[in-house]
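J.: Kindly produce the complete structure, drawing on both the sequences and the hints.
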Amino acid sequence: MTDDRPVPLDEYPVHQVPLSMKYVATGDRNAYDRCIFHVLDHEGRALLILGLGVYPNLGVIDAYATLRLGDTLHAVRASDALREDSRTELTVGPLRILVERPLREFVLSCAADPGDPDGLSYEINWTADFPALWEPHHLQRRGGRLTLEGRRFVQAGHCDGWIRVGGRELPVQGWTGTRDRSWGVRPVPGEEGGRFAEEHPTEGFHWIWCPVRFEDSFLMVIVQEDADGHRSLNDATLVRPGHRDRQLGWPQPEITYRPGTRHPERALVRLGDLRKPMELEVEVLTSSPLALGAGYPPADDWQHGTWQGRDWMDRRAYDLTEPHPRAAFGVTDHAARFRLDGRLGHGIFEHGSFGRHDPSGFTGFDSVAP
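With the working numbering applied, the sequence shown covers 1 to 370.
Hints should not be assumed to be uniformly reliable.
Simulated DEER-style distance windows between Cβ atoms [stated by the list, open to error]:
# : residue 1 : residue 2 : range
1 : 268       : 70        : 52 to 62 Å
2 : 8         : 258       : 48 to 58 Å
3 : 15        : 171       : 39 to 49 Å
4 : 136       : 23        : 25 to 35 Å
5 : 70        : 199       : 43 to 53 Å
6 : 71        : 283       : 13 to 23 Å
7 : 11        : 230       : 40 to 50 Å
8 : 8         : 230       : 26 to 36 Å
Calculated directly from the structure, the hints in this document are not laboratory data.
No residue lacks a Cβ here, since even glycine has one placed at the ideal position from N, Cα and C.
T.: Given below as structure tokens:
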């Protein structure tokens with residue numbers, strides 16, 4: 001008996017190479033295909049982040065959800081063996097993403113835990129307000145080794161539904177939603193070190209990923225810089241239905257950090273083409289470190305793509321008044337209020353800055369704002 005059979009997705013004319021959709025065209029262990037959704041109110045009371053990923057060459061599918069509410073981060077994580085229907089049935093444990101209409105409507109849900117009625121559960125309708133936008137092709141190398149290559153798109157919309165936790169129900173009505181889809185290769189824990197890691201150590205990393213939903217438009221800003229300020233990723237695009245996307249040049253961010261940290265409290269991003277310079281004002285409302293609960297590095301309790309065994313599921317809560325040193329060396333998603341050219345908007349100011357960054361005055365991994 002063989003398990004090399006067609007899978008359900010092979011019924012559809014979606015093939016890019018002469019292989020079953022069970023396989024990917026690369027043998028790289030770090031091949032991935034995943035998504036992230038953000039759901040946020042406009043006062044900074046709640047920030048829900050959730051995602052799901054498939055790791056075909058590791059045989060793993062996993063998902064997570066985190067809710068920042070007050071000073072507590074509630075988390076649900078699940079992982080399992082990759083199934084033949086995992087590309088069409090986006091479900092892991094209690095977590096599910098239902099694609100009602102591709103690029104338009106989604107139902108995001110987390111089933112309640114029968115043994116913990118106060119645990120996190122939700123059901124949210126995520127509806128796109130603007131067309132999806134391609135992000136720049138993302139490439140990273142260490143020496144001669146390709147470590148990351150991702151194709152990504154981003155989108156903004158609105159959300160309705162409910163969230164339950166701790167005996168409370170939060171009605172979700174007209175909250176802002178953003179989402180990101182990406183696939184390619186991206187490091188999964190367990191990668192070997194070797195010569196390139198030894199001869200090309202990471203000196204510094206500075207990152208801004210910023211999707212903003214306004215009533216009549218959607219703005220996307222991306223900045224990635226090396227230790228010396230060399231920019232390896234750059235984009236600023238304004239999406240308006242019925243109009244050609246407007247390119248807003250080379251973003252110039254100025255971030256005000258909380259003293260003694262690299263935690264942003266506000267920022268000003270200068271945008272605009274030669275015709276009309278613009279300023280994007282950023283006011284951080286609440287924050288959720290992706291290294292806590294969401295599985296992003298350098299999390300020490302679970303990371304994406306790692307094999308946890310079949311039917312693994314974990315629920316926990318993090319007290320954000322306590323120190324979490326690892327979170328300072330990972331990316332944090334900040335729910336934020338934005339102002340641009342008279343418009344008021346809401347979205348995510350995702351930021352990570354660790355190691356040396358000459359433009360910001362950071363001299364090393366232990367350097368913080370004065």
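J.: Indicate, hint by hint, whether the structure satisfies it.
T.: Status of the hints after comparison with the structure:
no.	hint	in the structure
1	268 - 70: 52 to 62 Å	28 Å, violated
2	8 - 258: 48 to 58 Å	49 Å, holds
3	15 - 171: 39 to 49 Å	43 Å, holds
4	136 - 23: 25 to 35 Å	28 Å, holds
5	70 - 199: 43 to 53 Å	46 Å, holds
6	71 - 283: 13 to 23 Å	19 Å, holds
7	11 - 230: 40 to 50 Å	46 Å, holds
8	8 - 230: 26 to 36 Å	45 Å, violated
Violation of the numbered hints given earlier is confined to hints 1, 8; the remaining hints are satisfied by the structure.
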